[in-house]
Amino acid sequence: MNDHMFALGARAVAPSRRSFLIGATAAGASLLVGFSAEAAAPDGAAKTAVNPFAAYVKIAPDETVTIYSSQMDMGQGIYFGLATLVQEELDADWSKVTVVGAAGDPALYGNLTIGGAAQFTGGSTGTASSWTRYRQAGATARAMLVAAAAAKWGVPAGEITAQDGMLRHASGKSATYGAMAAAAATGQVPGKIGLKPAKDWKYIGNETLRRYDSRAKSTGRQDFTIDLRLPDMLTAIMIHPPRFGATLKSFDGSKAKAMKGVVDVVATPRGVAVVATGMWEAMRARDAVTIDWDESKAETRSSHEIAAAYRAAADKGAGDVAVNAGDVDAAFAKAAKVMEATYEFPYLAHAALEPINAVARMNADGTLEIWGGHQMPGIHQFVASKVAGIAPEKVALHVKKTGGGFGRRASTDADIIVEVVSIGKAIGWKAPVKLQWTREDDMRAGRYRPAFVHRMRAALDDKGNLVALRDSLVGQSISKGSAFEKMLVHGGVDALSVEGVSNQPYAIPNVRVDLTTVESPVTVLWWRSVGSTHTAYALETFIDEIAHAAGKDPIEYRLAMLKDKPRHAAVLRLAAEKAGWGSPAPQGRFRGVAVAESFHSYVAQVVELSVDKSGRPKVHRVVCAVDSGISVNPDQVRAQMEGGIGFGLGAILKSQLTLDRGRIVEGNFDGYDVSRIDDMPVVEVHMIKSEAAPSGVGEPGVPPIGPAVANAYFQATGKRVRMLPFSRKENS
Amino acid sequence: MRIVLNGQPREIDADPDKPLLWVLRDDLGLTGAKFGCGQALCGACTVHIDGEPARACQTRIADVAGRNVVTIEGVSGKVAEIVQATWTKLDVPQCGYCQSGQVMSAINLLSANRKPTDQDIDAAMTGVICRCNTYHRIRAAIHEAAKLLGA
Ligand code: FES
Ligand code: FES
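Protein sequence lines, in the order shown, are assigned to chains A and W. Take the first sequence: its letters are residues 1 to 732, numbered as in this note's numbering. Take the second sequence: its letters are residues 1 to 151, numbered as in this note's numbering.
Fair warning: there could be bad hints in the mix.
Just so you have them, the derived chain A footprint on chain W, three or more residues with Cβ under 8 Å [unchecked claim]:
| hint | region |
| --- | --- |
| 1 | 1-13 |
| 2 | 33-42 |
| 3 | 51-60 |
| 4 | 96-103 |
| 5 | 110-117 |
| 6 | 120-134 |
Treat the hints as calculated values from the structure; they're not laboratory data. Virtual Cβ for every residue (Gly too), placed ideally from N, Cα, C.
Next up, chain W with everything else stripped away, as it sits in the complex:
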């Protein structure tokens, strides 16, 4: 089957039931999306499918045939740049393991909502667990990114 991965058409040869996460990680060597739970409970594997956030661990590869998949390695554009820059400026990551999922989710939030409130942030980001509990800085970084995007 064919998918568009990070802007490039790719021919995928995999069992149709194989989750997108393991196709990305094991077959294609794209390890930015992480395995944290395998059950769509932690958000570490978050990617964008046709621009929407999705949990790659619970997405069958057959279900993304013909669709546009973007991972942390390929995410681009002004929102992505600003999010990643504020993440760095505020030293958000600790271990960093969850941060691909956090960054991908924050990009979705800010693409849809240029001025999120704390409540908006909590609602959009609650599915992405950070065991280092960098949540305080995630919130601050999203506000900061929103400011820069508005400017």
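Same shape as in the complex, but just chain A:
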């Protein structure tokens, strides 16, 4: 399985720069890149017919079929998904299909959910972006194989069948795809080709199909960036400033340099790097480096001070207005009952199990190769070229499978690329260099799920109807200052800060959402399900509280406000039915429910939990209903729901990063607690049968789990948990 290979030569190696507008010059790590609107047609068809053999699929004489993925696989199984889409139309020998990552021309690989302006993996868009493009590629390749056979055999194309990697004609003539591929690849590219109707699908929606990479991953043979070994390669670690916003004043690396295995100690714009013959040699020398940091502009507050400032701002509720529907003030003035609640969410680390890394090599011909989790290849290429001082076209990216991501490998300023190229440059490119962060570096060097405070207010009429809702949010913006600002920040409101509540689904006549965006040197980033990590929790626990105050069943109460939202209502009903909602829960167990839409998918979850004597919840069972359109790989939809539930559960129960006078306290999995197997409930996933185009599944499993647990916890204890995580001492 050669799924890390990169097509040097034949395929576009360096991502094109033409769809990036350079907004500012490189100033340390702060690079501004903006997306232009240059785009492929939104339906997935390229403007001009693309030869699939030049971009998406290669069939070798030995019958192996290699698919070039525009998407990075961080475990979500998108390679498998794209293979399924191509295979559905191509009908090759499935056992010979493999997928590799490609970084290249946005016209070929640009993400179609943003009109193809740039290549990136994220926002749970992988399948949506590829749904038409990759089926089209498979169908076109098949047609070209058939045409080549028709020409060779002198028979009409319509008489040739193409199945399981074989071309056949009634005359008895036959050939494998591999034998015909060379002729097919140089043939004429047909115009638009019809795709199979759903009733004829053999691979899409097939429950029995298995991921082709599970064997390698169960036997230690899957390799990642950390496993890469190049001749003469050195290993570097990076010592970052201890406080966000601090910069390097001076350092003394002489003692470290004298240690065995250490090759160099160098300054970079992001810290001091120790370069050694191996990882242990580099780590061992770390404490021998003495560094003087300039902390005059650094964050020096502690978490409780930051939270107090956030709470004060939320109480004021004077932020930029994201939603203002109806007349909220009048509705509150007339209300029979007013409810209020304040929610507090901590910074969270992604803590992907493979700590952040990249490998760079400058070649004699002036090309720079970089291996890593290139989630945003265009930005990586641009940043690398700026730091290295070479043309973007000279930067070749090798896309590796990564040990998780959860958003972290899509840092908007390409921090890891800045670092690895800076180190290479600082050592005069005398050897290839692998930059490998330790777990502590990974946890303390930023790009967190931003801390947030929500101040929720509700107005009820005398029948308990929810007539007005206000949410005042306070937190940092992910998009501001990034390539995504133009696209996502409007009127001061970062869509990613308020998503999930700005588009809340309930029929409430008066709604106001305002956002106070806070500046801080602490860096923030998208974290699996982004804004919905906190908005869904605040909204769905508050709705539950309101339903309780109104004396209504929480599902009935929601459904009454979801009359115009059939997809929300359907998943809610399905989860309720499968969970036995309405019948008594098993002895000692309590149920809670939540529903959320994110990334155009709809997920409802019903939780069953018990609470031990010390007040700790134990989640036993989660019934999850999902509508993500057509399920390309149903078992992978299930896997993503299971994973999302476990991921979200650990976070709301146990995970938080805290600042102590500007320093992150937690450095490893002892302080930063994450879900382990004993936290994992039984998960049952039910999919809504849908004919809608596929939408996201990587993230949408996360938002409902927190509020569903909190709502069940209330049933068990009468307590509303509004400060996360549950394990905070304030909750005991």
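Based on these hints, arrange chain W with the ligands on the given structure of chain A.
Chain W with the ligands alone, transformed into the frame defined by chain A:
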């Protein structure tokens, strides 16, 4: 010093304090055991030393002198085969980064206990973090493997 690595005697020339994990990964090119925390907190580096699970990141190479070290690359036998086959059949891995540690730990569990309960599984596997949270399938795969081993 000498160790027996995946059944073969190997002469190791390394600083005695160097952790086994980095000897395996950097010096010997055996990259199946992964680096996840370096502090015996995540289990990604799990190997077998004289048949017992051990965290290679916190094991000095000097402490394994003369002992039998088995990594994911060299693990063999009926239990290992069945565990790896059920892992594949159930599509347990997502990113796969933790799975060497999961598989090595599951092999230990099933070698000692042919019919583990959910509680046994939780107790044996709690030290191995999966950030993709494949725990649901890990549990199912261990039960399935136990069934096949009993048959
Ligand atoms: S790397 Fe050894 S336990 Fe985490
Ligand atoms: S499969 Fe990704 S960490 Fe376990």
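For each hint, the structure was consulted:
no., hint, in the structure
1, 1-13, "violated (count 0)"
2, 33-42, "holds (count 9)"
3, 51-60, "violated (count 0)"
4, 96-103, "holds (count 6)"
5, 110-117, "violated (count 0)"
6, 120-134, "holds (count 13)"
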